[in-house]
Amino acid sequence: MENLSLLQPATAVPARKRSKWRLAFEQRYLFLMSLPFVIWLFVFSYLPLWGWTMAFQKFKPGRTFGEQQWVGLDNFVQLFREPHFYMVLRNTLAMSFMGLAVGYTIPVVFAILLNEIRWSPFKRSIQTISYLPHFVSWVVVAGIITKMLSTDGGIVNEILLALNLIDQPIQFMAKGEWFWGIVTMSDLWKEMGWNSIIFLAAISGIDNEQYEAAKVDGASRLRRMWHITLPGIRPTLMVMLILSIGWLTSIGFEKQYLLGNSLVQDYSEVLDLYVLNYGINLGRYSFGTAIGIVNSLVAITLLLLSNRIFKRITNESVI
Amino acid sequence: MRMQRKINPGELAFETALYLFMIVVGITTLYPFLNVLAISLNDSTDSVRGGIYLVPRIFTWDNYGQIFTYSNLLVAFQNSVLRTVIGTIVGVFSSAMVAYVLSRKDFIARKPVSLVFVLTLYFSGGLIPMYMLMRDLHLINSFWVYILPGIVNAWNIFVIRSYMDGLPYSLQESAKIDGASDLTIFFRIILPLCKPVLATIALFVAVGQWNSWFDTFIYNSSAQHLSTLQYELMKILANTTAGASSADAARAGDPSVAARVSPESIRAAITIVATLPILTIYPFLQKYFVSGLTLGAVKS
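Heads up: the protein sequence lines correspond to chains A and B, in order. Okay, so the first sequence: first residue is 1045 according to our numbering, each after it adds one. Okay, so the second sequence: first residue is 62 according to our numbering, each after it adds one.
This is chain A alone, in the form it adopts within the complex:
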């Protein structure tokens, strides 16, 4: 029965204290199964952090680490003096917050409404359809969005024209002021169904008796949605909100890169794209790394800040 106590350290108090080494030997396969991946992780996830030192150097690719010239905070000073940086920062923050506001609330509404559908084949079909765009790459989505919004037979312009809302097709993809909205809506189109999965699951966990009782009391559908469904999924709503805030600045650049063009550059360039353009395309590695670090700092600040606000409002904290 020795093995049993080995397997359940929580319940079995170490009466006969085993030597740690003996235990480690007995668990040799567990080490064998995990250590290679820990090493892998150090190479691919932790080693790049070492690369952050580049931001404090005047990095030249040919030199060894010892030969690099250290410049302190010069790259950061230079970055903060650059007016372009503030524009890029503005774009990043704007699209992040728009994405959060729309990308979080609409899936909740969608889930609640979908839950009200009683004809289940219809409900299931809509669900399956709504997951579809999630599985499609941004390359394809960007192509589709560009086509739908084009001035040359794009369906959106055709509908707007047919409804006499506009007399001339709108050049959606060529006007900077549309760009943030287009990115936000594309993201919504792609992820709404997918992001609603968790809320739907939470809703299905609500006790049906509550609805029955409310029905007897004569509560309307809207009132039931507001007073039963919404409070019923409150924990999930909170967790998902914090998670979404955590992902806030990891908006990436895929959408912006694929949907943007030189005409809307002033609105489409985000921090990661800035890194790409300066750091890799122009070979200014140190400067690019500095931008990357600022991007991470902005992300962490936002996360802490939002957690704080959230805590003040609800007295709950997730991190």
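Please keep in mind that the hints were generated in silico from the structure rather than gathered at the bench. Ideal Cβ placement from N, Cα and C applies to all residues, glycine included. One or more of the hints may lead you astray.
Here are some, though not all, of the chain B residues that point toward chain A, as calculated from beta-carbon distances under 8 Å [claimed, not checked]:
no., residue
1, Glu72
2, Leu73
3, Thr77
4, Thr90
5, Leu95
6, Ile169
7, Leu176
8, Phe178
9, Val179
10, Ile189
11, Tyr192
12, Leu194
13, Asp243
14, Gln291
15, Met295
16, Val334
Given the coordinates of chain A, assemble chain B onto it according to the supplied hints.
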């Protein structure tokens, strides 16, 4: 009077609005795909006239035959398939292995190993340090840059682990007593029981592999034989960004290439080829990924 009680006008209006809304959602989601499908099946010279919505006007399979005669689309297609297959097998298997180790509450190094993985959820080195690393590891212009960086993923590990936590412990216990090693327990007992969650993770990894273009763009863009389908599609779309001004299209690249590949129908056909494999799979795995996703969220 009795009838009125049954069909409450407010209720009826609500129901109608609800179904209408859902139908609109369904159409907005599906229409773009059906439209692309219709164009891909329509004669390419005829497509230029526009006005194709859901049904091809002059039906043809030609566009599909044509796309693979263009430059290295066939190579790109092979690479996409290869990276998806290898990446998924390696990724799922490795994540499952780590997940199993972390699910063993008696494992003495469980805490540090777990922490090392958790931390990676919160930071990343960023674009340039990553690029430098790949360069130093000689992974630039190499197929392995598609596989190696993504072997294990902390999020996938935690989803699999929380599934394993739900399995009855007595199964492992009795195998232990029978003298089975940890390795045997993992392969013979745990893996077969984890099929649902592994299917979910496999889908996620496969979708990620199949859809990615950025690694090709940044690491392998000078190696034609390592191109991928999504990257080729990205180049074609960039060359013909419709809607943007023609000056912009000219900026995007070699106009002769654009003219050669630009017909909308060719683009549509490639889009369908790049989309269809995953779209035919996901509805069958819906049951699994819905529960997998919910599990992950509850745990995190």
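**Request:** Under 8 Å, Cβ to Cβ, is where B:Glu72 needs to be relative to chain A, so tell me if that hint holds or is violated.
**Result:** Holds, about 7 Å.
**Request:** So, B:Val179 near chain A? Judge it on the closest CB pair being under 8 Å.
**Result:** Because about 11 Å separates B:Val179 from the closest Cβ in chain A, which is outside the 8 Å limit, the hint is violated.
**Prompt:** Does B:Phe178 meet its interface restraint, that is, does its C-beta lie within less than 8 Å of any C-beta in chain A?
**Reply:** Holds. Min distance 7 Å.
**Asked** Holds or violated: is there a CB of chain A closer than 8 Å to the CB of B:Gln291?
**Response** With a closest approach of 5 Å, the B:Gln291 hint holds.
**Message:** Quick check on the hint: B:Thr77 CB to chain A CB, less than 8 Å?
**Reply:** violated (12 Å)
**Request:** With chain A as the partner, please determine if B:Leu176 meets the hint condition of a C-beta pair closer than 8 Å.
**Result:** At about 11 Å, which exceeds the 8 Å cut-off, the nearest Cβ of chain A leaves the hint on B:Leu176 violated.
**Prompt:** Would the stated hint for B:Val334 survive a check requiring a Cβ distance to chain A of less than 8 Å?
**Reply:** The hint is violated - B:Val334 has no Cβ within 8 Å of chain A, the shortest such distance being about 10 Å.
**Request:** Identify whether the interface hint at B:Leu73 stands, where standing means a beta carbon of chain A within less than 8 Å of its own.
**Result:** violated (11 Å)
**Item:** Interface hint for B:Asp243, Cβ within 8 Å of any Cβ on chain A
**Value:** holds (4 Å)
**Asked** Can B:Leu95 be said to touch chain A, with a Cβ gap under 8 Å?
**Response** violated (11 Å)
**Asked** Taking 8 Å as the limit, does the beta-carbon of B:Ile169 come near enough to a beta-carbon in chain A?
**Response** Nearest chain A Cβ about 6 Å off; hint holds.
**Interface hint status, B:Leu194 versus chain A (Cβ within 8 Å)** = With a closest approach of 5 Å, the B:Leu194 hint holds.
Hint compliance for this structure: hints 2, 3, 5, 7, 9, 16 are not met, and every other hint is.
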